[in-house]
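Trainee: Protein sequences, first through last, are from chains L and C.
Per the working numbering: the first sequence = residues 2 to 196.
Per the working numbering: the second sequence = residues 2 to 196.
Heads up, a few of these hints could be off.
One copy or two, it doesn't matter: identical chains are merged, so the pair holds either way.
What the hints assert, rightly or not - Quick list of in silico lysine to any residue cross-link-like pairs, SDA-like style, CA-CA up to 20 Å: (1) 178 with 87; (2) 112 with 186; (3) 178 with 86; (4) 178 with 122; (5) 104 with 58; (6) 112 with 32; (7) 178 with 80; (8) 178 with 119; (9) 104 with 85; (10) 104 with 52; (11) 104 with 40.
It should be emphasised that the hints constitute simulated quantities derived from the structure, not laboratory data.
Each chain, letter by letter, is given below.
Protein chains: 2
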Amino acid sequence: MDYWHACASGLRLGQPVLLNMTQAPIPALSHLQHLGGAFTYLEEIHQVLNALTLFEGFSASDHATLCEYMECYAAPSRTPIVTEGTEGDFVVIILTGGVNVIKTDAHAAPKVVAHVGPGGFLGEMSLVDGQQRFASCIATQPTDLAVLTRDDLTGILDDHPQLGNKILLLLLQLVTKRLRDSTTRMLPTIGAQWV
Amino acid sequence: MDYWHACASGLRLGQPVLLNMTQAPIPALSHLQHLGGAFTYLEEIHQVLNALTLFEGFSASDHATLCEYMECYAAPSRTPIVTEGTEGDFVVIILTGGVNVIKTDAHAAPKVVAHVGPGGFLGEMSLVDGQQRFASCIATQPTDLAVLTRDDLTGILDDHPQLGNKILLLLLQLVTKRLRDSTTRMLPTIGAQWV
Chain L
2 MDYWHACASG
12 LRLGQPVLLN
22 MTQAPIPALS
32 HLQHLGGAFT
42 YLEEIHQVLN
52 ALTLFEGFSA
62 SDHATLCEYM
72 ECYAAPSRTP
82 IVTEGTEGDF
92 VVIILTGGVN
102 VIKTDAHAAP
112 KVVAHVGPGG
122 FLGEMSLVDG
132 QQRFASCIAT
142 QPTDLAVLTR
152 DDLTGILDDH
162 PQLGNKILLL
172 LLQLVTKRLR
182 DSTTRMLPTI
192 GAQWV
Chain C
2 MDYWHACASG
12 LRLGQPVLLN
22 MTQAPIPALS
32 HLQHLGGAFT
42 YLEEIHQVLN
52 ALTLFEGFSA
62 SDHATLCEYM
72 ECYAAPSRTP
82 IVTEGTEGDF
92 VVIILTGGVN
102 VIKTDAHAAP
112 KVVAHVGPGG
122 FLGEMSLVDG
132 QQRFASCIAT
142 QPTDLAVLTR
152 DDLTGILDDH
162 PQLGNKILLL
172 LLQLVTKRLR
182 DSTTRMLPTI
192 GAQWV
């Protein structure tokens, strides 16, 4: 079953996922060092995820299954990981290091709008809706990351629906937190133009 | 398994769900006419959901299962359905009629920020994070609605994990669309204070 098509038309169909095998690097990340399948880094990833509230209910077995679907990359300092305005359908989990999130403002000037460190997520909006990246993310130091594509997530939903529910709930809570934060920031601008 | 606790601590635990039985009215909706379990209105709900892109991949059987977990209410014109600042952990699907979404602005004045008609969703942020309602929703005409609580959703995740995947994806796409819309609206205000 194609779950993405189940809920929104026009999205790319999932491709078969090769478990426990290193996949080809994602083209949008071909400028980074491809470290291979995340399963090789299970112990390190387990430690990072264990420290995160969002992952509280994930068992060691869940982490292991998730790692079978993710790939890892290393980004040198000052390297872009995602670029505003480009296509992309993957989410990034920062494992070590950190990135600046940079958004072009109304005067076409780049503004640093956030700094994200280990355990932070990048790019979940484009994973969900397949639209362009809203901001750029640039490594501020040597940074290792795990990547989950939409095809990987489709594979998890097909093969492990209960783990799929946990991951979707995690993403839902992450996006809802960002929505609540952004709507709270918007309060001073609320007016009749919203109707 | 408690999926909500799986992904975020401090949330209410699910209660057993009584299938195919009319549940007690939700206290926050006790001022509305309680129409009973949604299964009674399966045909009407099937027609509404069938017209929605978000529900594209849901089968008639999925609709029937979902209806076993929802309750229906009727709101007379000018009746509040959710109230800004109050607690609530349910999402509303408008079946007939319509509501105004009203938010208090920075000067404590109520502003109509949206109008939502049949097929529209209300209250998904509080369903996910259990926090206060961000805005009020008031019926502008006689309005029938279906309600899904967090306990209902927990029951679906436990008993029908693949249907749970579809519902969570639907909510994820809904919240992501709202986030992309709100961040696009915020662009003129982006500045160094975001760091």
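Trainee: If a hint holds in the structure, say so; if it doesn't, say that too.
Mentor: Tested hints:
1. For a Cα distance limit of 20 Å, the shortest separation of residue 178 from residue 87 across copies, 18 Å, qualifies, whereas the shortest one inside one copy, 24 Å, does not.
2. Within a single copy, residue 112 and residue 186 get their C-alpha atoms as close as 17 Å, and across copies as close as 16 Å, so both meet the 20 Å cut-off.
3. In this homomeric assembly, residue 178 and residue 86 come within 20 Å of each other (Cα to Cα) only across copies, at 17 Å, whereas the closest approach inside a single copy is 23 Å.
4. When the C-alpha separation of residue 178 and residue 122 is checked against a cutoff of 20 Å, the pair qualifies both within a copy, at 12 Å, and between copies, at 18 Å.
5. Within a single copy, residue 104 and residue 58 get their C-alpha atoms no closer than 33 Å, and across copies no closer than 35 Å, so neither meets the 20 Å cut-off.
6. Taking the shortest alpha-carbon separations for residue 112 and residue 32, neither the intra-copy value of 24 Å nor the inter-copy value of 48 Å comes in at or below 20 Å.
7. For a Cα distance limit of 20 Å, the shortest separation of residue 178 from residue 80 qualifies neither inside one copy, at 27 Å, nor across copies, at 29 Å.
8. For the identical chains of this complex, residue 178 and residue 119 are intra-copy neighbours only, at 18 Å inside a copy versus 26 Å across copies, given an alpha-carbon limit of 20 Å.
9. Taking identical chains as interchangeable, the C-alpha atoms of residue 104 and residue 85 lie at most 20 Å apart only when both belong to the same chain, with a minimum of 7 Å there against 31 Å between chains.
10. Taking the shortest alpha-carbon separations for residue 104 and residue 52, neither the intra-copy value of 28 Å nor the inter-copy value of 36 Å comes in at or below 20 Å.
11. Within a single copy, residue 104 and residue 40 get their C-alpha atoms no closer than 33 Å, and across copies no closer than 47 Å, so neither meets the 20 Å cut-off.
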